[in-house]
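Participant: Kindly generate the complete structure, drawing on both the sequences and the hints.
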Amino acid sequence: MDILIGSLVAGILIGMILALVALGLTIIFGVMDVVNFAHGEFLMVGMYTGLLTAQATGMDPLLTLPVSAMVGFFLGVVCYYGFIKFLMRGPMVAQLLGTFGLMLFLRNLALLIFGSEDRALHHGLLVGKSFSMGMGVIIPATKLAAAILSVFAFLAIWLLMNRTKTGKALTATALNAQGARYMGIPTDRMNALAWGIGGASVTIAGALLVNFWSVNPFVGLLFTMIAFAIVALGGFGSVPGAFFAGIVVGMIMEFPGFWDFLTYTLNWDWMMDVPMTSFKYTGVYLAYFIIMVFRPRGLFGWKH
Amino acid sequence: METLRSAFDFSDFPRLDISIAGIIAIFLLVFPLFSSSAFAMATMIQFLMFSLYGMGWNTIGGYGGQVDLGKAQYVGIGAYTTAVLLIRWDIPFWFSMPLGICFAVVWSFIIGYPLFRLKGHYFAIATIATSLVLMDLFGVWEFVGASRGLEISPIKYHPPDFWRLIFKEDIYYYYVILCFFFIGILYVNGFRKSRLGFQLRSIKDNEDVARSLGINVHWAKIKTYAIATAFVSMVGSFHACYIKSIEPEDTMSLDISILIALMAMLGGAGSLWGPIIGAAVLIPLKSYLKEWLGAAAGLAGIDLVIYAMIIMLISALEPRGIWGIVEKRRRRKRQ
Amino acid sequence: MALLEVQHLTKNFGGLSANQDISFSVQKGELVGLIGPNGAGKTTLFNCISGLHPISSGSVVFDGKDITALKAHEIARRGLARTFQIYVASGDLNVEENVMVGCFMRTGSTTKAKDRARDILKKLNIGDLSNALVSELPVAAQKRVTMATALGSDPKLLLLDEVAAGLNPNEIEEIMINIRHIHDDLGITVMLIEHVMELVMNVSDRVMVLDYGLKIADGVPKCVAKDPNVIKAYLGERFVREHGKELA
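Chains as they are written, first to last, in this note's numbering: chain A, 1023 to 1326; chain B, 29 to 363; chain C, 99 to 346.
Derived by calculation from the structure, the hints in this document are not laboratory data. No experiment lies behind these values; they were computed from the predicted model shown. Glycine is no exception: its CB is placed at the ideal position from the N, C-alpha and C atoms. Among the hints, a few may not be true.
Unchecked claim - Per label pair, the in silico range of CB-to-CB distance: (1) A230(C) - A53(B): 29 to 37 Å; (2) L1177(A) - Q183(C): 46 to 54 Å; (3) P42(B) - K220(C): 45 to 53 Å; (4) Y310(C) - M1092(A): 40 to 48 Å; (5) L345(B) - D252(C): 25 to 33 Å; (6) L345(B) - T1209(A): 34 to 42 Å; (7) Y1286(A) - S154(C): 48 to 56 Å; (8) K1187(A) - N223(C): 54 to 62 Å; (9) P42(B) - N300(C): 51 to 59 Å; (10) L32(B) - G225(C): 55 to 63 Å; (11) S207(C) - L61(B): 36 to 44 Å; (12) A100(C) - E346(B): 53 to 61 Å.
Stated by the list, open to error - Computed cross-link-like contacts, PhoX-like style, restricted to lysine-lysine with a CA-CA straight-line distance of at most 25 Å: (13) K169(C) - K232(B); (14) K356(B) - K221(B); (15) K210(C) - K221(B); (16) K318(B) - K272(B); (17) K251(B) - K196(B); (18) K221(B) - K220(C); (19) K254(C) - K163(C); (20) K126(C) - K254(C); (21) K1107(A) - K251(B); (22) K1190(A) - K1107(A); (23) K221(B) - K163(C); (24) K169(C) - K251(B); (25) K163(C) - K210(C); (26) K251(B) - K272(B); (27) K251(B) - K220(C); (28) K356(B) - K1107(A); (29) K147(B) - K169(C); (30) K210(C) - K232(B); (31) K232(B) - K212(C); (32) K356(B) - K232(B); (33) K254(C) - K221(C); (34) K221(B) - K251(B); (35) K210(C) - K251(B).
Unchecked claim - From the structure, some residues in chain B lie toward chain A, with a derived Cβ separation under 7 Å: (36) A66; (37) M69; (38) A70; (39) I138; (40) P142.
Facilitator: Right, dumping it as structure tokens:
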């Protein structure tokens, strides 16, 4: 029983953080119709930023979020003005391969600078501490804090998009770029803003993630694919969709836990032999495929 | 019969192109006799392999305009079929390779049917997903060696073994893949002039118009996808016998899929020469960058950084690829 | 038996009814014009008949077979061809290749398709443009190419969608000759959407008028031109009210 609840809780927690990861992707896609393959690499940059800032200043990593946010915003805007903007003129093939090139670039640049070993956080207020929820369920404090902060970040961005003038301008561009332009909204700047906010949200997620997930230059791809699955499930372009889908995908990732629970409850020996942990990510990929084929609009999507 | 004749017919190309192609063909034929560098030979073999990968991709990705980023799974199917059949049951290459193609094509029909309901980047991402799922599956499947992969040890056999495609010297491999290369070119030449080729190009132009001309769009895409798959699987089988060591992470990774797509995109998707030009530029570049820069201590990754920058430059500046530039200039001259 | 029989065809897009309860038939060998103000639902009607849009309700029977639920390519294979008003091309195929695509519906052989394409292009007087890219041609030629492409499939019924749009009087004359050739010489039943009145009224055996998704008139050109509903549709109710006496 405790495995079941443990998995559920873990799934929800990680899901909230993943939702934040996906948020950036869905914003960029919503505004510009561009699929950013390098999204996971932005996350990786956020992770390194969080790690290094914490180590350099000795501050608790959870307090270094603003730094990561700024780095992410800056990176997003620079990528847009320096590269993506030109990519938009070409056909979709070029866009896909271009962002893929960006992914390779960032990944190997990180490899060059940081080397390939895993790095993890060892200091911090909450590292090593955990809460007990009763019923034998233990939650690492870092994960819990990260999840809570994710929700806050998510809400903040949601408010930004829906309650501020700039945010509304961004949404307008997402719905109809040409129409927005006629209303005097500068598309170029909106695109850059989308990249900035998108970049910032995923680097924040990275800084949160690095509290309990070690970083190396190669973590990007996995999270890119997870982000794609979340965005597809939630609906390309939908902010609330990303949140709920994130939680669902978080659960999928905790599936080995559910599998173990079922194994013990049903007492079927063959189930024990299935190496479910290796399939953790397969489930996510499969989910993407199935959703796209049977319900391409996702849960909340308005853009197809 | 008509298709066969059509495959050998290059007359709709300008004389200049055919002459250059002829010279390059001769060069390829005599290259090994003049070169003593093992590295150059290995690079050339890679070039030929990736040209073929690219040519296959080009049918659905270039002429068809459906960007497929999941071709690596078929490299895996081809490679593993050949490797497993050889190691376990001593079945030679020339039986296992066609069998690999069969498996690959069957799989391509199975996932192709739902896959082609998608378009654009949704399609592209879905192809990635399927390839990664297969890679994960192979990574846990004990029968094929799971994540350790498989190794073919040449000592067990008596090279040069033409049946099993086990050789000691690269030169044999070179000529085998060169044959495939020429056959591949002939096939694509025939394909682009065939009914399916025309249908695909019409689909790429405008799907609604294509439909109103009686083309079953869904089915045409699936058929072409199968053709691309056959190409890739065939070379995958060769890969197993050549490299003699395969594992999911190496053979079926996303990087391989992207590389395959890149050949055609860089060289010019939708043209016969495109993938070959792309491979001619990218493969030596990758090899030599790695040789010169990659090995340098403390600079691991710099070769790929430069490589990535080139990809970024090309996609931003000339998305139609090198051949696209050539064609643009020619059209301007005509006017 | 009519070649095309449309019964109570309705096409809704969400809350908007683009085609409402439209019924008509086209006999073999007719040349029927379809006119109406912009937004009346003419192209939508073509899209419904040719299978590009699923129909909300009603039925379409072509050459004796019910094609209501068939897909576009299946309908095309039964001999119903059409042209498109707005042609967005990626510029990959030249003129001859475009027409060949149409011909491939009837043959699997490239040589036969090429010969047939050349033949059609010659008959429409654009044989010398074979190697040009469609996107680089002037409008008049482009329209001829779309017609040639549709002819490639040897259709029984040809739907022409505003082939005279954007043409000058000379070009309109030439297109009229092409249309007559298709109808009179090739014996193909034609239905055409047009805004250019001289063309439609001159060439059609019969004219149908749509307005706001409804069919408001159907008859010989002379009668339709005098039909008060038609005049109201084009000139507006107010105008008719104010100038009613002069129009009668």
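Participant: Are the hints correct? Go through all of them and say.
Facilitator: Against the structure, the hints:
| no. | hint | in the structure |
| --- | --- | --- |
| 1 | A230(C) - A53(B): 29 to 37 Å | 32 Å, holds |
| 2 | L1177(A) - Q183(C): 46 to 54 Å | 48 Å, holds |
| 3 | P42(B) - K220(C): 45 to 53 Å | 25 Å, violated |
| 4 | Y310(C) - M1092(A): 40 to 48 Å | 56 Å, violated |
| 5 | L345(B) - D252(C): 25 to 33 Å | 45 Å, violated |
| 6 | L345(B) - T1209(A): 34 to 42 Å | 22 Å, violated |
| 7 | Y1286(A) - S154(C): 48 to 56 Å | 54 Å, holds |
| 8 | K1187(A) - N223(C): 54 to 62 Å | 59 Å, holds |
| 9 | P42(B) - N300(C): 51 to 59 Å | 46 Å, violated |
| 10 | L32(B) - G225(C): 55 to 63 Å | 29 Å, violated |
| 11 | S207(C) - L61(B): 36 to 44 Å | 42 Å, holds |
| 12 | A100(C) - E346(B): 53 to 61 Å | 55 Å, holds |
| 13 | K169(C) - K232(B) | 19 Å, holds |
| 14 | K356(B) - K221(B) | 22 Å, holds |
| 15 | K210(C) - K221(B) | 12 Å, holds |
| 16 | K318(B) - K272(B) | 21 Å, holds |
| 17 | K251(B) - K196(B) | 38 Å, violated |
| 18 | K221(B) - K220(C) | 22 Å, holds |
| 19 | K254(C) - K163(C) | 13 Å, holds |
| 20 | K126(C) - K254(C) | 8 Å, holds |
| 21 | K1107(A) - K251(B) | 36 Å, violated |
| 22 | K1190(A) - K1107(A) | 22 Å, holds |
| 23 | K221(B) - K163(C) | 34 Å, violated |
| 24 | K169(C) - K251(B) | 19 Å, holds |
| 25 | K163(C) - K210(C) | 29 Å, violated |
| 26 | K251(B) - K272(B) | 31 Å, violated |
| 27 | K251(B) - K220(C) | 33 Å, violated |
| 28 | K356(B) - K1107(A) | 23 Å, holds |
| 29 | K147(B) - K169(C) | 19 Å, holds |
| 30 | K210(C) - K232(B) | 23 Å, holds |
| 31 | K232(B) - K212(C) | 20 Å, holds |
| 32 | K356(B) - K232(B) | 19 Å, holds |
| 33 | K254(C) - K221(C) | 18 Å, holds |
| 34 | K221(B) - K251(B) | 16 Å, holds |
| 35 | K210(C) - K251(B) | 23 Å, holds |
| 36 | A66 | 27 Å, violated |
| 37 | M69 | 27 Å, violated |
| 38 | A70 | 23 Å, violated |
| 39 | I138 | 12 Å, violated |
| 40 | P142 | 4 Å, holds |
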